[in-house]
Amino acid sequence: RRWLDYEAVGKRLRGTRFIAFKVPLKRALTSQLPRSDAFGHWELLENLNTEQQELGLIIDLTFTSRYYGLQDLPQSLMYVKIFTAGHDVPSDATILSFKRAVRRFLRDNADNDKLIGVHCTHGLNRTGYLICRYLIDVDGIEPKKAVKLFNAARGHRIERQNYLDDLHRGPRRR
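In full-length UniProt numbering, the protein residues as written are 1 to 174.
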């Protein structure tokens with residue numbers, strides 16, 4: 001139920017191709033919600049279209065497949081699933097998988113401005129950590145600035161102190 005407490009979609013992180021959102025739900029799940037609370041892939045794409053933004057890739061960080069499946073997505077979208085447990089700082093293997101997916105997409109889409117959409121359940125902690133980790137490790141952005149950039153764009157602050165501690169004081173992972 002906490003899912004309802006979060007804005008569905010943030011804004012594009014300034015100077016990047018990233019956008020964070022909470023998990024879009026398949027129709028079988030959205031049909032159980034009031035229309036005003038429903039948020040699935042069509043609402044996501046409609047929201048971005050209104051902002052004249054186009055999504056090219058979804059990186060799904062949820063630790064389950066129950067929210068939606070590949071068959072629920074438009075064929076025009078690339079999709080990468082990285083099973084990422086909540087609460088604990090993501091493993092180096094998870095971080096590497098995330099970086100590889102982002103780099104591959106950016107390389108293959110250098111000629112356009114399509115966005116990289118990232119979500120966990122609420123589009124906040126795992127999502128914020130991995131986007132910030134990328135900005136710090138790959139783009140060389142200072143940790144404090146990366147977190148501030150994410151929080152401002154998402155409209156919610158990263159809540160997990162262990163994630164924030166690792167971003168600010170943990171090792172950079174090349």
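Worth flagging that the hints you see were computed from the coordinates, not collected in a lab.
Treat the hints loosely; a few may be bogus.
Claimed, not checked - Cβ pair distances, simulated, as ranges: (1) Thr64 - Asp37: 18 to 26 Å; (2) Gln52 - Arg173: 21 to 29 Å; (3) Ala28 - Asn112: 26 to 34 Å; (4) Arg172 - Arg14: 18 to 26 Å; (5) Ala28 - Asp139: 18 to 26 Å; (6) Gln75 - Arg169: 40 to 48 Å; (7) Asp5 - Asp72: 37 to 45 Å; (8) Lys144 - Ser31: 39 to 47 Å; (9) Arg14 - Ser91: 26 to 34 Å; (10) Glu142 - Arg35: 18 to 26 Å; (11) Arg173 - Asp72: 31 to 39 Å; (12) Gly170 - Trp42: 21 to 29 Å; (13) Asp165 - Asp139: 34 to 42 Å.
Unchecked claim - Derived DSS-like pairs (lysine-lysine); straight-line CA-CA distance at most 30 Å: (14) Lys148 - Lys11; (15) Lys144 - Lys11; (16) Lys99 - Lys81; (17) Lys99 - Lys144; (18) Lys81 - Lys148; (19) Lys81 - Lys144; (20) Lys145 - Lys81; (21) Lys145 - Lys114; (22) Lys99 - Lys148; (23) Lys26 - Lys81; (24) Lys114 - Lys11; (25) Lys26 - Lys11; (26) Lys114 - Lys26; (27) Lys11 - Lys81; (28) Lys99 - Lys145; (29) Lys114 - Lys144; (30) Lys81 - Lys114; (31) Lys114 - Lys148; (32) Lys26 - Lys99; (33) Lys26 - Lys145; (34) Lys114 - Lys99; (35) Lys144 - Lys26.
By construction, the Cβ of each residue, glycine as well, lies at the ideal position given by its N, Cα and C atoms.
Results of checking the hints against the structure:
The hinted window of 18 to 26 Å between Thr64 and Asp37 holds, with their beta carbons roughly 20 Å apart. One distance hint, 21 to 29 Å for the beta-carbon pair Gln52 and Arg173, is violated here, with the actual separation near 34 Å. At roughly 33 Å, the beta carbons of Ala28 and Asn112 sit within the given window of 26 to 34 Å. Restraint check, Arg172 to Arg14: a C-beta distance of roughly 22 Å satisfies the suggested window 18 to 26 Å.
The supplied range of 18 to 26 Å is broken by Ala28 and Asp139, whose beta-carbon atoms lie about 38 Å from each other. For Gln75 paired with Arg169, a C-beta distance near 43 Å keeps the hint of 40 to 48 Å intact. At roughly 23 Å, the beta-carbon separation of Asp5 and Asp72 lies outside the given 37 to 45 Å, and the hint is violated. At about 42 Å, the CB distance of Lys144 to Ser31 agrees with the hint of 39 to 47 Å.
Taken as a hint, the range 26 to 34 Å holds for the pair Arg14 and Ser91, whose Cβ atoms sit roughly 29 Å apart. At roughly 42 Å, the beta carbons of Glu142 and Arg35 sit outside the given window of 18 to 26 Å. Range check, Arg173 to Asp72: about 32 Å between beta-carbon atoms, so the 31 to 39 Å window is met. Separated by about 38 Å at the C-beta atoms, Gly170 and Trp42 break the suggested range of 21 to 29 Å.
Evaluation of the 34 to 42 Å hint for Asp165 and Asp139 yields a failure: the beta carbon distance comes to about 21 Å. The straight-line distance between the Cα atoms of Lys148 and Lys11 is roughly 13 Å, inside the 30 Å bound, and the hint therefore holds. With a C-alpha separation of about 19 Å, the suggested pair Lys144 and Lys11 falls inside the 30 Å cut-off, and the hint holds. For the given pair, Lys99 sits about 13 Å from Lys81 by alpha-carbon distance, which is consistent with the 30 Å threshold.
Straight-line distance between C-alpha atoms of Lys99 and Lys144 comes to about 20 Å, which keeps the hinted pair within the 30 Å bound. Restraint check: the Cα-Cα separation between Lys81 and Lys148 comes to about 26 Å, which is no more than 30 Å; the hinted pair holds. The suggested pairing of Lys81 with Lys144 holds, with an alpha-carbon distance near 28 Å, which does not exceed 30 Å. A distance of roughly 27 Å separates the Cα atoms of Lys145 and Lys81; the hinted pair therefore holds under the 30 Å criterion.
Using a Cα cut-off of 30 Å, the hinted pair Lys145 and Lys114 holds, with the two alpha carbons roughly 23 Å apart. Taken as a hint, the Lys99 and Lys148 pair is honoured in the structure, with Cα atoms around 20 Å apart against an allowance of 30 Å. Between Lys26 and Lys81, the direct Cα distance comes to roughly 16 Å. Compliance with the 30 Å bound is thereby established for this hinted pair. For the suggested pair Lys114 and Lys11, the alpha carbons sit about 14 Å apart, so the restraint of at most 30 Å is met.
With a CA separation close to 22 Å, the supplied pair Lys26 and Lys11 stays within the 30 Å bound. Of the pairs offered as hints, the one joining Lys114 and Lys26 holds, with about 23 Å between alpha carbons and a cut-off of 30 Å not exceeded. Note on Lys11 and Lys81: the hinted pairing holds, with a Cα-Cα distance of about 22 Å set against a maximum of 30 Å. Under the criterion of a C-alpha separation no larger than 30 Å, the hint pairing Lys99 with Lys145 is consistent with the structure, at around 19 Å.
Taken as a hint, the Lys114 and Lys144 pair is honoured in the structure, with Cα atoms around 26 Å apart against an allowance of 30 Å. Only pairs whose Cα atoms come within 30 Å are accepted, and Lys81 paired with Lys114 is accepted, the gap being roughly 19 Å. Between Lys114 and Lys148, the direct Cα distance comes to roughly 23 Å. Compliance with the 30 Å bound is thereby established for this hinted pair. The suggested pairing of Lys26 with Lys99 holds, with an alpha-carbon distance near 27 Å, which does not exceed 30 Å.
With a C-alpha separation of about 35 Å, the suggested pair Lys26 and Lys145 falls outside the 30 Å cut-off, and the hint is violated. Note on Lys114 and Lys99: the hinted pairing holds, with a Cα-Cα distance of about 17 Å set against a maximum of 30 Å. A hinted pair counts as satisfied when its Cα atoms are at most 30 Å apart, and Lys144 with Lys26 does not qualify at roughly 35 Å.
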